[in-house]
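In this note's numbering, the protein residues as written are 1 to 280.
Derived by calculation from the structure, the hints in this document are not laboratory data.
Fair warning: there could be bad hints in the mix.
As the list claims (entries may be wrong) - Quick list of in silico lysine to aspartate or glutamate cross-link-like pairs, DMTMM-like style, CA-CA up to 20 Å:
{"no.": "1", "residue 1": "K259", "residue 2": "D175"}
{"no.": "2", "residue 1": "K255", "residue 2": "E67"}
{"no.": "3", "residue 1": "K107", "residue 2": "E17"}
{"no.": "4", "residue 1": "K193", "residue 2": "E115"}
{"no.": "5", "residue 1": "K7", "residue 2": "E67"}
{"no.": "6", "residue 1": "K177", "residue 2": "E227"}
{"no.": "7", "residue 1": "K255", "residue 2": "E130"}
{"no.": "8", "residue 1": "K237", "residue 2": "E227"}
{"no.": "9", "residue 1": "K38", "residue 2": "E17"}
{"no.": "10", "residue 1": "K38", "residue 2": "E115"}
{"no.": "11", "residue 1": "K193", "residue 2": "E164"}
{"no.": "12", "residue 1": "K107", "residue 2": "D128"}
{"no.": "13", "residue 1": "K276", "residue 2": "E59"}
{"no.": "14", "residue 1": "K219", "residue 2": "D192"}
{"no.": "15", "residue 1": "K219", "residue 2": "E17"}
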Amino acid sequence: MINVNGKIVSSSELSIENNRGFLYGDSVFETIKVLDNKVLFLEDHYFRLMSSMRILRMEIPMDFTMEFFQEEILKLTNSIESTSNALRVRFSVYRDAEGKYLPISRKIGFIATIEVLNSSVYVLNSTDYEIELYKDFYITSHLLSTLKTNNRLINVTGSIFAEENGYQNCLVLNDAKNIVEALNGNIFIVKDKVVKTPPLSDGCVKGVMRKQIIELLQKNTDYVFEEGVVSPFELQKADELFITNVIVGVQSITKYRKKEYTNTLAVDLVNKLNAKIRLM
1 MINVNGKIVS SSELSIENNR GFLYGDSVFE TIKVLDNKVL FLEDHYFRLM SSMRILRMEI
61 PMDFTMEFFQ EEILKLTNSI ESTSNALRVR FSVYRDAEGK YLPISRKIGF IATIEVLNSS
121 VYVLNSTDYE IELYKDFYIT SHLLSTLKTN NRLINVTGSI FAEENGYQNC LVLNDAKNIV
181 EALNGNIFIV KDKVVKTPPL SDGCVKGVMR KQIIELLQKN TDYVFEEGVV SPFELQKADE
241 LFITNVIVGV QSITKYRKKE YTNTLAVDLV NKLNAKIRLM
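Please model the complete structure; the sequences and the hints are all you need to start from.
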């Protein structure tokens, strides 16, 4: 089932050839985990979506409140029968207007799709997870790169590159040749009890799970957390590398080229993350 502007339907019936999200990437989206009929990290998703729409100069309706956002997500999740208590929702907002590059209005529409997840709590995947750098294209260090827009061609081509070469993921670089993020999440590196992640100013997506992990790290007195520029040379010196997103939670990296990594901090973070969502 699909939620199209508040109406639950089995197919969208949208005219894709006139949809600006399809034609120009004039769209932003949130990937959301719903557990036991609760929208996890609701406030963070809502405020990131609002911020993204404002940056893109979309017209936000007065009734597009956080309560409305939550209701539309749960309306969709409650429309299907599933034995799983964990669901993945993609909530896309597009500028619903005619025009070429210049839209004739700023009004919006939305469409939300749903997918059943196999696991409810976050589980650390302990299988081999090897990465490589993706250097065919680079991310530009500006504000638009931090938004979850429909312009994900680097992620798509990078994912194809990874599959063709037997890697589980790739790290992407910005125009200064510094590490920005993974293809499907933010990257954290651990070295000698110091945990570092690239700053938003380097062009990484402003991840909702990134925010949760940073909050957990700032409370952990065993580690020092910092946001800072990450050079590719730091990867081979690191003790631990992991990727974060709201669906997987924390994904440990086991190998980069000839270097293999531990997962000590990742294990601890997954446990704390699960404790956090149980209290939501």
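Quick check: which numbered hints come out false for this structure?
Numbers 1, 2, 4, 9, 11, 12, 13, 15, in rising order.
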